[in-house]
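J.: Model the full assembly from the supplied sequences, consistent with the hints where possible.
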Amino acid sequence: MANLLDKIKKVELVGRGGASFPVYLKWKTVKSEKSLEKYLVINGAEGEPGIYKDAYIINNYPEELMGGVKIASDFIKAKKIYFYLNKSLYDSKNKLNRIANSVGLKGEIIFFLKPVDSGYIAGEESTILNIIEGKNIESRLRPPFPACSGLFGMPTLINNIETIYNVYLVGKNKYQNKRFYSINFNKKNKGVYFLSENLSIKQVLKETKNYPDYNFFVQIGGDASGEVLNSNQLNKKVDGAGSITIYNLEKHQPEKLLKYWLNFFRDNSCGKCTPCREGTYRLCEMFDNFSLDMRKEKDFSDLCDNLFLSSFCALGTSAPIAVLSYFKNVYEPLIVSQKNLKVLKKNVKRKK
Amino acid sequence: MSKEKNKEIRIKIDGKSYKCVSGEKILDVAKRNNIFIPSLCHHSDLDIKANCRVCVVEIKGYNRLMTSCSTIACDGMEVFTNSPKVKLSRDTNLKLIFSTHIEKCSDCSSRFNCDLLSLARRYGLNIANFKDRKSKRKTYKFSNSVEIDGSQCIDCQNCVDVCSNVQKINYLKKTGKGYKQEIVPTEDENIECIYCGQCTLHCPVASAQEQYNWDEVENILANKKGKKLIAMIAPSTRISIGEMFGFPYGYNAADQMVGALKKLGFDEVVDVNFGADVTTLVEAEELLERLSDKKAKLPMITSCCPAWVKYLEFYRPDLIPHLTSSRSPQIHLGGIIKTYWAQKKNIKPKDIVTVSIMPCTAKKFESRRPELKINGLYPIDEVMTVRELAFLIKKNGIDFKNLKKVKSNDLFNDGSGAAVIYGASGGVMESALRTASHIICKGSNKAKICHSRLEFKEVRGLKGVKEVSINLDGNKLNIAVVNGIGNIKEVLSKLKKYHYIEVMACPGGCIGGGGQIIPSSMDIVQKRMEGLYSSDKKEKVRTAHDNQVAVEAFNWIKSNKLSHKVLHTKYVSRKK
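Quick note, the sequences are listed as chains A and B, same order.
Under the numbering used here, the residue at position 344 of the first sequence is numbered 1224, and the numbers go up by one with no gaps.
Under the numbering used here, the residue at position 342 of the second sequence is numbered 391, and the numbers go up by one with no gaps.
If you are wondering where the hints come from, they were derived from the structure by calculation, not from laboratory data.
Built from N, CA and C at the ideal position, the CB exists for glycine as well.
There are no misleading hints in this set.
Computed footprint of chain B on chain A; a stretch qualifies when at least three of its residues, placed anywhere within it, have a C-beta under 8 Å from a C-beta of chain B:
1) 1012 to 1021
2) 1143 to 1149
3) 1158 to 1167
4) 1179 to 1190
T.: This is how it looks when you write it as structure tokens:
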């Protein structure tokens, strides 16, 4: 078993839920906790729009996934396993359960349905622990980290589906530093691809033959919280939960996109902390009042900075990313060019 | 934190080095060293939530800010409380919070000690930077005691925490999410508010607050119409009101209180301590009766805490026969004023208006219990919390600190030391034991060797449940003192063990009452408690039965066959 941890460390496996935390550190912490009762929680509640990999893994690699669950469970000697799934994935529970029985996990897994209308935050790991315990749907104060004091106050290993799948591969010496990429066009999924994690955005688009033949920009790592980049910024690796969403530069409607991002965070904020609950609300209000010119207001930059600086959890800190990077990388360069501005204005009119 | 771990840790705050204890939070280190960091959702009685985000600080090496209430001081940490990042976040969060709280300052009893207003002034912030967004929120009223005004709530959730985790009532819930979230009373048929008012005591912005009576009292004072206006001050209020006027914690400001009430226009001020002595006489007598009657229900349980009575009537009506039939001190005193005093003074009871100053929100509910009426009149006409009184004093510009002692009334005295300690958990028990042990000794064959005990220190202090066996003239008496309703189940589960139980719904007793001066915390309650016991020690008369005037009034009621109307009461089973 120590052998497994060494392997995980060696291949530098990181969590695929979005935060990219080193897997071996989390596993080591849970393992070294002295408690007799430990829990394993599998997070299969893809809440970020634009990410389709969990469903893809469940549909295509369920045996490997459950093999990974077995490895994780044996590693920490889990008392119970909670398999947390959102509604669209919950239908796979019977299939997963059959496989679980065959890998020696009979009766050890509790399938847990993500509450309806619980939103984005209900995919965050400490929030999931609250949900399983029947508490308020909001994230927990850290420290203590779930690895030390998680479910019912016990050490808890909580990993995303893709991470567990990767652990299975590492165990079988088949891990090749690949990750899943969800590629979308204007929020419609084109496909999920399994490629090296070291590719740049441009390489991923080219290798999958998805590189557009028109002017475009992209959003990386989730359609809500992901950073927006223009077509000259594609030499970066793909961050977060692994998505690339392509937008047509000339045909997109800036106001519609802005409103989507702003409303998403306002409506998905759990309400716990001031910067997120109130800040996302005020950003929507500012958009109603100033539209795209909101970016020139001091309150706008204060609210965005404040979300990053003082939010309680990652939902809040990531809330301004899309909007700020869109203004900076796409919108501002666009309006510099008069020609493009005209095109854009036409689009706005068309929308109205 | 264990003592072995107390190795020296030092952190820098704004460039200066400070020593800290292992595990100590940055906010606590700052407070200890008089460094101001604003905080709203933080309360030392409650678990740390870190949700208001106004106590953020910058820590060298970290890009984002940290909440000082939740971040443990680590050796070598460099903390900044006023950097540009901190200013941006703190000010923005405060402005956002201002816009969740509709200012109703003109008649808000917290306006002289409002954290929001003082923070706005301190940092020069416009409280109307963002538009108020909660104008359509509901106000939830719980009987005539407590209300939660949703249009003023800043979503800190202190009320929910104290109701659920401390009092273990679970009456308040959060519904909805994000900007739509709201604190609401539960619809669960099996859960009901007991009016303890701990939510009001822990609310940083008076969104949860007592239902006011100060406006009514102001009206009465302005339109006397030949009525006699009598103010009554509860034991624990004298020990806390000074906090609002620059006196140290635990200072007994009874003289200033009397002076202020007279200045406000009351004709007489009477001490509820006097009523408490009567309560002790009634209760000690009943206890001894029950102990000597084999058919009587035991244990006997105190009933002077109206939130506890409400709890029992709703959750455990089967235990009603265990409650002492004795009325509470404010009701005793109001009844005595409207019978005994009215007759001595030749005033018609209906021309008397009694206003009691209480540390309690549930006392408002108690005052309107119809079964307490005497010849159609409520013993108490208006109940104000001590917070409301402090507000009226400030509103009227009375220089409280420099008020001189004035004569309060010409009939009732200030009660005994046994009455003063009614304000602390264990005090009612101790007072009753002082008198019960005296009565037993007096009638005992062994009287020559029996010295009635004065102090029962075993029942004092802030422990959740205090259990003790006491020897009363050879009879073993098993007693329990429940300090805070959150500890009640432990005692109810082994009821048969005991002969006598005191229950106070608020942690610490009335000195931690829901109507007490804000801020209030267990540290402050501890200091108020010390103040009460030192006041008791200074009294010449320290037992109820030695309060001759109270005994006289008590006997007068009895000989006029008014016991039933003035001294005793009944309880009812309640549904939601």
